[in-house]
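Single-letter residue listing:
2 protein chains.
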Amino acid sequence: MAITVVGSVAYDTIETPAGRRERCLGGAATHFSLAASFFTDVRVIAVVGEDFGPRQEAVFKARNIDTRGIEHTAGKSFFWEGSYLENLNEAKTHNTELNVFASFEPKIPEAYRDSEFLFLANIDPVLQKRVRDAMPDVKLVAGDTMNYWIKDHRAALELVLKGLDILLINDTEARMIAGNDNLVQAARAVMALGPKHLVVKHGEYGATLFHCDTPVGELANWRLNLEPKTFRAPALPLENVVDPTGAGDSFAGGFFGYLASQKELTADAFRRAMFYGSTMGSFACERFGTERIAKLTREEIDARFDEFRRLTHLD
Amino acid sequence: MAITVVGSVAYDTIETPAGRRERCLGGAATHFSLAASFFTDVRVIAVVGEDFGPRQEAVFKARNIDTRGIEHTAGKSFFWEGSYLENLNEAKTHNTELNVFASFEPKIPEAYRDSEFLFLANIDPVLQKRVRDAMPDVKLVAGDTMNYWIKDHRAALELVLKGLDILLINDTEARMIAGNDNLVQAARAVMALGPKHLVVKHGEYGATLFHCDTPVGELANWRLNLEPKTFRAPALPLENVVDPTGAGDSFAGGFFGYLASQKELTADAFRRAMFYGSTMGSFACERFGTERIAKLTREEIDARFDEFRRLTHLD
Chain Z
19 MAITVVGSVA
29 YDTIETPAGR
39 RERCLGGAAT
49 HFSLAASFFT
59 DVRVIAVVGE
69 DFGPRQEAVF
79 KARNIDTRGI
89 EHTAGKSFFW
99 EGSYLENLNE
109 AKTHNTELNV
119 FASFEPKIPE
129 AYRDSEFLFL
139 ANIDPVLQKR
149 VRDAMPDVKL
159 VAGDTMNYWI
169 KDHRAALELV
179 LKGLDILLIN
189 DTEARMIAGN
199 DNLVQAARAV
209 MALGPKHLVV
219 KHGEYGATLF
229 HCDTPVGELA
239 NWRLNLEPKT
249 FRAPALPLEN
259 VVDPTGAGDS
269 FAGGFFGYLA
279 SQKELTADAF
289 RRAMFYGSTM
299 GSFACERFGT
309 ERIAKLTREE
319 IDARFDEFRR
329 LTHLD
Chain S
19 MAITVVGSVA
29 YDTIETPAGR
39 RERCLGGAAT
49 HFSLAASFFT
59 DVRVIAVVGE
69 DFGPRQEAVF
79 KARNIDTRGI
89 EHTAGKSFFW
99 EGSYLENLNE
109 AKTHNTELNV
119 FASFEPKIPE
129 AYRDSEFLFL
139 ANIDPVLQKR
149 VRDAMPDVKL
159 VAGDTMNYWI
169 KDHRAALELV
179 LKGLDILLIN
189 DTEARMIAGN
199 DNLVQAARAV
209 MALGPKHLVV
219 KHGEYGATLF
229 HCDTPVGELA
239 NWRLNLEPKT
249 FRAPALPLEN
259 VVDPTGAGDS
269 FAGGFFGYLA
279 SQKELTADAF
289 RRAMFYGSTM
299 GSFACERFGT
309 ERIAKLTREE
319 IDARFDEFRR
329 LTHLD
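The listed protein sequences correspond, in order, to chains Z and S.
Mapping the first sequence onto the working numbering, position 47 (from 1) lands on 65, and the numbers just tick up by one.
Mapping the second sequence onto the working numbering, position 279 (from 1) lands on 297, and the numbers just tick up by one.
Calculated directly from the structure, the hints in this document are not laboratory data.
Please read these numbers as outputs of a predicted model, since none were measured by experiment.
We treat Cβ as the ideally placed atom computed from N, Cα and C, and that holds for glycine.
What you were told as hints is all true, and nothing was included just to trick you.
Residues on chain S that point at chain Z, a partial pick, calculated with CB under 10 Å:
hint	residue
1	A205
2	A253
3	E325
4	H331
Under 7 Å between C-beta atoms, here's a sample of chain Z residues computed to sit facing chain S:
hint	residue
5	V202
6	T248
7	R250
8	E257
9	R289
10	T330
11	H331
12	L332
Isolated chain Z (complex conformation) (with noise of 0.2 Å):
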């Protein structure tokens, strides 16, 4: 089934301990379409500027992306510039520039509207309300926020998380949102306001999966009752971390894709997204940017997804 994503198409500066990249292509979206890619359809919503050119445009195209929904617009593409030189853990933001971005009013092409599954990148709820409002016939909506939309926009955001199926989040954002430092207990907290999974995602230690026991609202029959409860995937311990600026968009990329290249979504299902996740999780972390994703195969997917077998099962 086709997934549709609204977020960032932008350009990154990047400096970690392993070197610098100007200007290299990223965003959200970028990051998760092209993760997502390897299992399903992926249509794009985003807003590019001028300097989003045809090489750019041929990153999604080489992973048969659909890039009707960017906008092309006058001014200059999202800029973002950071560092992970102290922690690789932990960008530390030298520069955001909004530009085409300050003004987007998201619009969904009418091939895009026979698109099953919904992804909400990390954008302004207020965005991610719309978009989401403007595909009522979506079966499965995921999504992703940031501190900033916790801390100062906490009613839109609020919104945005009633209609949520799964929220992806990390841990301090987790905590932040349930204002609960216990895992379990911010979980459930963050769960109650609406999104029936959760996904924490905790850096070089890999993820947990909750399914709420208490679902809120409507729920189609094959999303009740998942057993167990949570699930743990692990992260590959990784000798050289290049770059990890988009991990977590991959990892959503690869959980999702999965999700909605299958026909049910059992607890089976979510378990195996998981570990597709934390496979394409590292795999971004491994080069600059796009740079690894962009060339993957899915043949080195499977084998790592072997890996994170190995990594932990008993047998």
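Please build the complex by placing chain S on the supplied structure of chain Z, with the hints as guidance.
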């Protein structure tokens, strides 16, 4: 096979968000031996003061732990006071009184001499080395250490590491020994100092086991070339962490106790040992001090082991 453990038997005053306990039974050797006693025979070497009486002795006796190596001497037992009010993952030490431990000279009872496994809990590396040298016939030696010895007693510690088959430490300690923040690189650097196997504990995120790929010195064949080189066990996401004191030592007890109960130390046995370590560590956190593990049953352990399997396995 029997394990001899040398380390502290102590009193702890502990404050956590769940409450406060004054002078409860603690110490690394205590937590280790209680956890290991569910898997094999355990013999303790330690020193206590006049404040250690029949009631404390009974905690060991109830688990059939050999206490003939616990020396009773004039003075007070080792005492530690700490809190976890801000961060359940890291204790804040308020007071440490070595007391009778300051002049501890480990004596090994004749009846302990046929122990095949030796665990050097976190004490002065000079003492660890002395006990190790006094038991030349043991088949497998594991140990623990802490930041204090790593920073200020490096030379003595390196002599201990050289003779270790297995070292169990946490992330911070591994990075401190190696002077390297990357977990995989740090693990390799630590194993280059001697340990053929390394367990790095990640607190609430579990633990990673590394098998050395270029063994140092002589190694019996059954400990060579274990594959895969890396294994990750999760920690149980706990809704209520009452007191994390002793969780690391309980992990070590479950891990090493299980290994000591095995006929052959295969890669498979090491993986299961990681799960038993996580199992015992998770129980330790559920009550203050030794309260939970002292009253545990083998059935509860096996049920939780299965829970860990469901938490991590795809099918």
